[in-house]
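K.L.:
Listed here are the chains, written in short residue letters.
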Amino acid sequence: MTQPQSRIRRSFGDLSERALAFWLLVPAALLLGLVALYPVGRLLYTSLFRRRLTDETGNSPVFVGFQNFVQAFADERFWTALWNTLLIVLVTVPGALVVGLLLALLANLPFRVKWPVRLGLLLPWALPLVFAGLIFRWFFDSQYGVVNDVIVRLGGERLLWVTTPELLFWAICISIIWKSSSFVALILLAGLQVIPKELYESAAVDGANRWQSFWRITLPLLLPAILVAAIFRTITAFQTFDIPFAMQNGGSSFETLAMYVRTMSIENLNFGYGSALAVLMFLISFAVTLVYLRYVRGADD
Amino acid sequence: MKKLFWLLVAVLLASTALAQQTRLRVFVGGQQRPDVMRKIFDLYQSRNPGIRVDVEVGGATSDQQQQYLTTVLASRDPSIDVILIDVIRPAQYLASRWADTIDKYLPAASRQALLRQYLPAYSQANVINGQLVALPGFADAMFLYYRADLLEKYGFKPPTTWDEAIQQAQTILQREGNPNLNGIGFIGAPAEGAVCTFLLPVWAAGGDVTNAQGQFSLTVEQAQRALQFWVSLMDQKVSPPNMAEKPQDTIRSEMQAGRWVFGTMFAYAWNRFQNDADSQVKGKIGVVPLPAFAGGRQASCLGGWQWTVSDFSRNKAQAHRLVRFLSSPEVSKILAIEASNLPVFPALYRDPDILRVNPWFGQALPVVQAARARPQHPRYAEISEAIRVTTNQVLARQKTPEQGAREIVTRLQAIYGGR
Numbered sequence: 634m635t636q637p638q639s640r641i642r643r644s645f646g647d648l649s650e651r652a653l654a655f656w657l658l659v660p661a662a663l664l665l666g667l668v669a670l671y672p673v674g675r676l677l678y679t680s681l682f683r684r685r686l687t688d689e690t691g692n693s694p695v696f697v698g699f700q701n702f703v704q705a706f707a708d709e710r711f712w713t714a715l716w717n718t719l720l721i722v723l724v725t726v727p728g729a730l731v732v733g734l735l736l737a738l739l740a741n742l743p744f745r746v747k748w749p750v751r752l753g754l755l756l757p758w759a760l761p762l763v764f765a766g767l768i769f770r771w772f773f774d775s776q777y778g779v780v781n782d783v784i785v786r787l788g789g790e791r792l793l794w795v796t797t798p799e800l801l802f803w804a805i806c807i808s809i810i811w812k813s814s815s816f817v818a819l820i821l822l823a824g825l826q827v828i829p830k831e832l833y834e835s836a837a838v839d840g841a842n843r844w845q846s847f848w849r850i851t852l853p854l855l856l857p858a859i860l861v862a863a864i865f866r867t868i869t870a871f872q873t874f875d876i877p878f879a880m881q882n883g884g885s886s887f888e889t890l891a892m893y894v895r896t897m898s899i900e901n902l903n904f905g906y907g908s909a910l911a912v913l914m915f916l917i918s919f920a921v922t923l924v925y926l927r928y929v930r931g932a933d934d
Numbered sequence: 145m146k147k148l149f150w151l152l153v154a155v156l157l158a159s160t161a162l163a164q165q166t167r168l169r170v171f172v173g174g175q176q177r178p179d180v181m182r183k184i185f186d187l188y189q190s191r192n193p194g195i196r197v198d199v200e201v202g203g204a205t206s207d208q209q210q211q212y213l214t215t216v217l218a219s220r221d222p223s224i225d226v227i228l229i230d231v232i233r234p235a236q237y238l239a240s241r242w243a244d245t246i247d248k249y250l251p252a253a254s255r256q257a258l259l260r261q262y263l264p265a266y267s268q269a270n271v272i273n274g275q276l277v278a279l280p281g282f283a284d285a286m287f288l289y290y291r292a293d294l295l296e297k298y299g300f301k302p303p304t305t306w307d308e309a310i311q312q313a314q315t316i317l318q319r320e321g322n323p324n325l326n327g328i329g330f331i332g333a334p335a336e337g338a339v340c341t342f343l344l345p346v347w348a349a350g351g352d353v354t355n356a357q358g359q360f361s362l363t364v365e366q367a368q369r370a371l372q373f374w375v376s377l378m379d380q381k382v383s384p385p386n387m388a389e390k391p392q393d394t395i396r397s398e399m400q401a402g403r404w405v406f407g408t409m410f411a412y413a414w415n416r417f418q419n420d421a422d423s424q425v426k427g428k429i430g431v432v433p434l435p436a437f438a439g440g441r442q443a444s445c446l447g448g449w450q451w452t453v454s455d456f457s458r459n460k461a462q463a464h465r466l467v468r469f470l471s472s473p474e475v476s477k478i479l480a481i482e483a484s485n486l487p488v489f490p491a492l493y494r495d496p497d498i499l500r501v502n503p504w505f506g507q508a509l510p511v512v513q514a515a516r517a518r519p520q521h522p523r524y525a526e527i528s529e530a531i532r533v534t535t536n537q538v539l540a541r542q543k544t545p546e547q548g549a550r551e552i553v554t555r556l557q558a559i560y561g562g563r
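Chains as they are written, first to last, in my numbering: chain P, 634 to 934; chain G, 145 to 563.
In short, the hints are calculated from the structure, not lab data.
Source: prediction; values computed, not measured.
Among the hints, erroneous ones may be present.
[Unchecked claim] Footprint (simulated), chain G over chain P, 3 or more residues, beta carbon under 8 angstroms:
no., segment
1, 769 to 777
2, 796 to 804
3, 919 to 929
[Claimed, not checked] Calculated Cβ distances over 12 angstroms to all of chain P for the following chain G residues:
no., residue
4, V180
5, Q211
6, T215
7, V271
8, K390
9, T394
10, N419
11, V425
12, I478
13, A483
14, H521
15, Y524
All C-beta atoms, glycine included, are put in the ideal place defined by N, C-alpha and C.
This is chain G alone, in the form it adopts within the complex (with noise of 0.2 angstroms):
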């Protein structure tokens, strides 16, 4: 009889605990790792008895991620309360007000004390119009990643410029006489990716699609050379002439197969060449920062991920307080260590426990730091496809460079003029 007695003090004790548990409901995309993310709830959820943390796993790419978002926020649905979301995507969110800002829980003062400890690109992608939208859950940029045993062979140094590069690859190429090989890849199908494609020449030649004050100063001669480069990439033969049908992940499983010999990606294809079961190229993979043009700079793409609190969540609160741990360098650590994410941290690339796991971090950080961020505007959404599906043409041989780059100019001033 006092067993049942406690019994029964016990269950109205864990009914009530658990009708005063706050439920908190984290979108994440696929390829986001939502295994590492759980054990990331799951820490919190043991520190913070009250709240319990739910996962939401969306598409596996950032284009098919939004895609979902935008059904479920463009109808005020409350039942997500953290997102998140790509680098290039805060100033829609700002726009379009789905985001809740961070500022109203934070003192100006701890906010410029907070800011201050991230990447500096990402707490500029965060802040826009002075209202900070988003903050840094992991950071990534564009690599190039190289077959140091093919390099090795030739007696070749990792290129530094892209003159080297094309050099590299022609000569292994040759000598190699396997037809299945192929040079240089980047990405040419009209994805997302391929905005970065478009960018990095024109930033390594110092131009950019605004200036310093955000208007719009991209010229048709600049984007002319990028898309000439890539052009004549296929010309000299280091690239195959079907360069317009390859998405990142195509190059990515090629490379796997051991069919590039260069190929510019994020960070995610480090762990892919060196863990999957299929790989073919399992420590013969080198990654170092994008080559330099004679005479030019080095530019990489900045990528990255930001956690944001829905403007139509019910637990705002709450919610913040979960987005404030997921950007902490605590989490920061436990994602580059379990996902070999790149860290938002400065400090952390130089974490031995991060090291041991993912040594390539060390020299990883002059790459982000030197990132460069693709254009934010609200209607980001247009700029890119204006940027990727004509790229694309250009690369299939659909407009010249020229034309392509006309089109290109003229439609994103249109956009920049609210057109």
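Just chain P, with the same shape it has in the complex (with noise of 0.2 angstroms):
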């Protein structure tokens, strides 16, 4: 063990254990903020400036403090996009924990062929958003889509899906748990296939039914990888766009904080005030990570 050690200790010349970590890690966290750090700090600081590329301190940014913030907490279209991107993250998160469950113990059965199902697994994952969301405006195009011509064959009434708030958050619902899904399964099948076979088999002769080893087997040893698995959907949920731009052609009917961000600053132009709301959505990401990872760590005790 101790050779190899000393053999890097001397090509990199007489340095100590902790200073030899230490330059090893400069590279990645030079790139590491490069890439992440440079931009959020930069992000932070145009925030604090009014900067319209439409009037004339577009060319020369006025320092204004928080004043951009405090814009932002008096906007109702600001607090409107925000609970609409809430609501987003509270259906669709565990929507997309359930049927992605379900859907990884449908890959996880003995299946003689197991690819088909692995595929059609991968299929949504590996399609773009805003493909998915081109594909769900189809389906629920009120004249054409195949979502009303099955109600009509039921005997319903046409929905108008799109424009109908309501109807319309529920369509972008389903998408995104449609889309977001696949992931979540992909994850847990991993997590799924490193339970021992025994604990099954051992419950099996204690006279377990099936229900009841899901229950005290399968749910408790998946239980980290279910986390995982919420940690990474709730921080995309939270920066939801490109499905429901989509399926609204650009549209703003349902807005969520990435899409006004993006409205702000790209078709607006507003560059200070569209960082200042990219600024508050990245610290209520943030936070909600630090509460996740609070419960790891607590799990982990």
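Two chains, two frames, a set of hints: combine them into the complex.
P.N.:
What follows is the structure, given as structure tokens:
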């Protein structure tokens, strides 16, 4: 064990183990700083200025301190977008976890031919988000869409899915759950496969039925994987943009926080205010991640 | 040996010529026929051996192109020299200082002479605060397309008022009994075209967003009547209840599949109806000016594309020369013949070569001349958003026309008030 270590030490000169570790980490830290910290820092900096390309401050930003943030807190549209984003998180994260778990259990069944199921799992995950949005827009088209076609065949009335706010919300949630549950299923499938088979065998010997062994063995042992999936899913749900954007033709009857950030910065060219909104969005996702991580640490202890 | 010597000389000469060549990069949108543009640039290159023109093709819609250009121009990237921009953008390009104004290359007298040649709407649209921001490339306006075969079948003439159009649509829908056929198509999705949808009845009733002095003048009542008009088309069942889902190109493709009696669209649709392989309506479509309201006047929404020089270009003088060529009658004629783009010079609407390819251009001139421009404002993007999103919500019946009208007026007031 000591031999290779001393060889490394020799080639790096006379370094203590601590110093060596430090120098080995430097390139990675620099890279991280370049691709992650610099943009975030730049965003924070821009958010403190009035910088609107459509007026004279576009070329010479004016420092305004936290005024953009004060403006956001008084902005009704910001609160609506935040509320919409929260609703998306509250519905689609548990939704994707439940559907993903069912899919993972299905893919884990001892089928003779597993690959069609697993391929079916991968397909939605590999599809770009905007495609998913477009596909579902066609599905939910009131005149030619397949969803209304089914409803009419069953004797119901055509519904205006994309333009009725409540229906649009559920249409968006269904699309997001469809798109993201396969990712959840992939993580959970990996988790399922490391549960030792012997546990189920001995449970069967003890007379446990399938339901009992699911509740007592599968679910507790799968908890770490579920938590990982939930963290990923929550963070991406906070950034929901593509699917609602594509489903509404770029419109904003239902606007998430990310959509509002885009409208303000890219469309209205109000970079200062847009950056402030993006900072708020970043802080919220960061806070949620911290809560999760705390919970994970608590579970580990 | 002698051959080799001459070959070397030739290579040397060619490489110095290449070294002296100026390269200009031109940005055009995906729907603006980059293939035809390339032919025009080849022509320019053959006449100006020192210049090479590269084409960069961007997004398919005006909004998509602008999103990309915003990134390029906000970072002061010098890679693009000449840009084709939508008629709604010059004010913003001037405010953001993205465009190099054309004035410095033109003495005042020749500027006036130059601008007089164009359709007045375009010289107006391109002069902002007295500065010439861009020069017109091609014109556009909204027209009423109709199913000539169906109108003829029931003995109707193309409508000149909306009441006539509604009656004709009702009769045809009733007698045809085809569940896939719809009456009057208009842009209802929250895309740029919905701004025109909102403004058409406002203009036709004599109103506008601003008065002649450029001050905000739209009233809640005007806005409410405009929104009420489109909602009533759905109430009368000449338009289906899902108009809020329909962007312009959906109406165009549905009309191409034979699903509409009437459709309000920009000029590009004509070419698609006649030439697309999947068109079910070849030779069955007529086009006329948009109808008027009873007792009101006809109004159309002005479109069109302008050439401007990027302020970050490193070859501004050369770029300016290219723009002068691109906005010349010669190029306008090529674009009219090869791309069916409406000319920006009134005289070309009587040009026999153009009329041979596009016979309907003969009737298009009065429409383009009467077409009104959308508001010119550096914050046009916000004006557009306020109008199109609210119009869409009213069509989706999330808001009443009165609520929508109040919202539009309040938001526009704030923008014009500098808030």
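K.L.:
Now look at each hint and say whether the structure bears it out.
P.N.:
Hint by hint, here is what the structure shows:
1. 769 to 777: holds (count 3)
2. 796 to 804: holds (count 3)
3. 919 to 929: The restraint on the segment 919 to 929 of chain P is violated, since only 0 of its residues have a Cβ under 8 angstroms from chain G and three are required.
4. V180: Holds, since 28 angstroms exceeds 12 angstroms.
5. Q211: Contrary to the label, Q211 (chain G) does not stay out of reach of chain P, its closest Cβ about 5 angstroms off (not over 12 angstroms).
6. T215: violated (8 angstroms)
7. V271: holds (19 angstroms)
8. K390: Violated, since 9 angstroms does not exceed 12 angstroms.
9. T394: Per Cβ check, T394 (chain G) is inside 12 angstroms of chain P; nearest 9 angstroms; violated.
10. N419: Holds: least Cβ distance 24 angstroms, greater than 12 angstroms.
11. V425: It holds; V425 (chain G) is separated from chain P by about 18 angstroms at its closest Cβ, greater than 12 angstroms.
12. I478: holds (33 angstroms)
13. A483: holds (26 angstroms)
14. H521: Non-interface label on H521 (chain G) violated, nearest chain P Cβ at 8 angstroms vs cutoff 12 angstroms.
15. Y524: violated (8 angstroms)
The earlier numbered hints that this structure contradicts are 3, 5, 6, 8, 9, 14 and 15.
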